[in-house]
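**Q** Dock chain B against chain A, hints included.
Chain by chain, the residues:
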Amino acid sequence: MSIIAILITYIFISNFILVQFLGMCPFIGVSKNSESALGMGMAVTFVTSIASVVTWAVYTLLLAPFGLEYLRTVAFILVIAALVQVVELVIRKISPPLYKALGIYLPLITTNCAVLGIAIINIDQDYGCLQSFFAGLAAGLGFTLAIVLMSNIREKLDLAPVRKSFKGVPIAFISACLMALAFMAFDKSLLTNLHLV
Amino acid sequence: MNILLAFIIITAMGLLLGLGLAFVAKKLAVAKNEVQEKIEAALPGANCGSCGFAGCSAYAEAISTDKNTPLNLCTPGGADVAKAVGVIMGQEVEVSSKKKVAYVFCNGNCDVTNKDFDYQGVTDCNAAALLFDGDNTCKEGCLHLGSCIDVCPVEAISKDAKGDIVVDRELCISCGKCVDICPHNVIKLVDDDSQYVVACNNHESGAKVRKECSVGCIGCKICEKKFPESGCTVDKFLSTFDNDKPHSQIAEAAEACPSKCIVKRR
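Residue numbers (the working numbering), protein chains in the order written: chain A, 2 to 198; chain B, 201 to 466.
A portion of the hints provided could be inaccurate.
Cross-link-like lysine to aspartate or glutamate pairs, in silico, DMTMM-like; alpha carbons within 25 Å at most [what the hints assert, rightly or not]:
| # | chain 1 | residue 1 | chain 2 | residue 2 |
| --- | --- | --- | --- | --- |
| 1 | A | K33 | B | D380 |
| 2 | A | K157 | B | D380 |
| 3 | A | K168 | B | D364 |
| 4 | B | K226 | A | E89 |
| 5 | B | K421 | B | E404 |
| 6 | A | K165 | B | D324 |
| 7 | B | K359 | B | D318 |
| 8 | B | K300 | B | D442 |
| 9 | B | K359 | B | D393 |
| 10 | A | K94 | B | D266 |
| 11 | B | K359 | B | E370 |
| 12 | B | K436 | B | E455 |
| 13 | A | K101 | B | E237 |
| 14 | A | K94 | B | E261 |
| 15 | B | K460 | B | D360 |
| 16 | A | K168 | B | D324 |
| 17 | A | K33 | B | D350 |
| 18 | B | K267 | B | E240 |
These aren't lab readings, by the way, just hints derived from the structure by calculation. Source: prediction; values computed, not measured.
So here's chain A without its partners, still in its complex pose (with noise of 0.2 Å):
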C-alpha cells in the first residue's frame, strides 16, 4: 500500500471512531468544546505516530525472532504508557505552555485503545516501519478530524431546543450515529477510483 492510500484509509475510509469505533471514551468525554477537542486530538495524533514506529520496533526485533508473537499485547501497552509518560515529561521541560495546553489528556491517552489498536492493525497488516508510522499519523488526524467535528456538533447542539430526555450524551450519540452513517460514504472502492491500489 503506498503511504498517500494509507493516509486516506486511515483518515476517510476506517475513520478510527466512526467505522472502527475505537477510542469511544475521549470522543464522547473531551468533545463538549472545540479547544480541548483539538488539544486532545492533537496529543493523540503525536502518540500514535510515535506508538506506531516503537511498538513496530519491539515487535520485529525483540518479539518476533523469539517466537513469542503471542505477547504483544501486554508488551504493546508497557511500551505505550512508558512513552506517553516520557512524552509527557519532555513536553513539561520544553514547552511548559503545550504542557498546560494538553493539560490532563496527555496521560489519559495511556489508556486510550486507539493507540493500542494502530499497533496491533500495523502488526497483522505487516506494514514496515514508514508504513506504520504514516498509519500511526493517519489514525490520529482521523481521530482528530472526528472529535473536532463532533465538538463543533456539540458546542451547537447545546443552544438548541432538545427534549429534556434527550439532552447531553444521548443527543452526543445520536449525532455520532448519524456522522458514522454519512462516513459509510467513504468506501473501500474510493482507492480504486483514485487508482492508488
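**A** Using the frame of chain A, we list chain B on its own:
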C-alpha cells in the same frame, strides 16, 4: 523453556522501561515554585477569572513572578484571601471590605412588560438581543433567557416560578461574569448591605416607559425631590439608589414611587 523466555523478556522490558522513566524523570525534572503553590492553595480555586487572569493558577503564577501584581484582586476570596496571600508574600495588603453581589435591575416580566413580537430563536440573551434588541418593547430590560445563569461559575443565579432571574446573595462570589455577558447591562453589582434598589434600567422618558412597562422608572423625581434623604438621584429619566448617601427616607420614597420600582432587596 519458551515460558521462561517470555518471562525474562517481559521482565527485562518492564525493568528497562521503569529505569528509563526514572532516569528521564530525574534528568528532566522541573523545579517547582513553592511560593506559587502556596498562593494557589490559599486562593478559592473557583477559576472565575474576575482577577483578570486566566484562572487561580495563572494569578498565583503572576503574583509569584511579578512583584508589581496587586495581591487583592480576588473578589470571591475577599479580605480573608487577600490577607492570606499577603502573609505568604510578606506584604501588607489593602483590602476593601465591602462585599458586592449581583442584582438584576429589572422588575419586568410577561405580565407587566409589553412585547413587540414573539421570539422563538435560541435561548440565549445575546442571540435574542441581535434581533431588534429583544422581543420586549422595553429595549433595556431583562430578556429572561438566562445567559447569566449559564455563565455563573457557582450556580448562584436561577429563575423563580414567575420567570424572574434571581441571584442568591449567599452564593454570589461577585466575579462579574453575569455583568459582562448581559447584552442590556441589566445585571449589576450592588453592595450586599444595601437594603433597597431601583429595579429598572430604562433611560427613556416617562411617557415612553409607561407605554412599554408598568413597573419601569418614569423619571418623575418624586424620590429625589420629596425625599432628599432617600439616597436616590435621577439621571436620564432613571433613578438610582446610592447606599453610601444618607438614606433614612428610602422606605417612604419606595412607598411614594408611582410605578413601585424602588424595591426592597430579596
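**Q** For the pair supplied as a hint, K94/A and D266/B, is the alpha-carbon distance within the 25 Å limit?
**A** holds, 22 Å
**Q** Quick one, are K33/A and D350/B close enough, alpha carbons at most 25 Å?
**A** Within the cut-off at roughly 15 Å; holds.
**Q** Given the hint that K101/A pairs with E237/B, test it: the Cα-Cα distance must not exceed 25 Å.
**A** holds, 15 Å
**Q** Taking 25 Å as the top limit, are the C-alpha atoms of K168/A and D324/B close enough?
**A** holds, 17 Å
**Q** Next pair to validate is K157/A with D380/B; report whether the Cα-Cα distance is within 25 Å.
**A** holds, 22 Å
**Q** Tell me if the straight-line CA distance from K300/B to D442/B falls inside 25 Å.
**A** With a Cα-Cα distance of about 13 Å, the restraint between K300/B and D442/B holds, given a limit of 25 Å.
**Q** Verify the proposed pairing of K94/A with E261/B, using a straight-line Cα cut of 25 Å.
**A** holds, 17 Å
**Q** Does D324/B lie within 25 Å of K165/A when you go C-alpha to C-alpha?
**A** Holds, at roughly 17 Å.
**Q** Would the hint linking K359/B and E370/B be met if the CA-CA limit is 25 Å?
**A** Since the Cα atoms of K359/B and E370/B sit roughly 16 Å apart, the hinted pair holds (cutoff 25 Å).
**Q** Verify the proposed pairing of K421/B with E404/B, using a straight-line Cα cut of 25 Å.
**A** Roughly 14 Å separates the two Cα atoms, so the pair holds.
**Q** Are the Cα positions of K359/B and D393/B separated by 25 Å at most?
**A** holds, 23 Å
**Q** So if I understand the rule, the pair passes when the alpha-carbon distance is 25 Å or less; does K168/A with D364/B pass?
**A** Between K168/A and D364/B the Cα gap is close to 24 Å, so the pair holds against 25 Å.
Violated hints for the displayed structure: none, as all numbered hints are satisfied.
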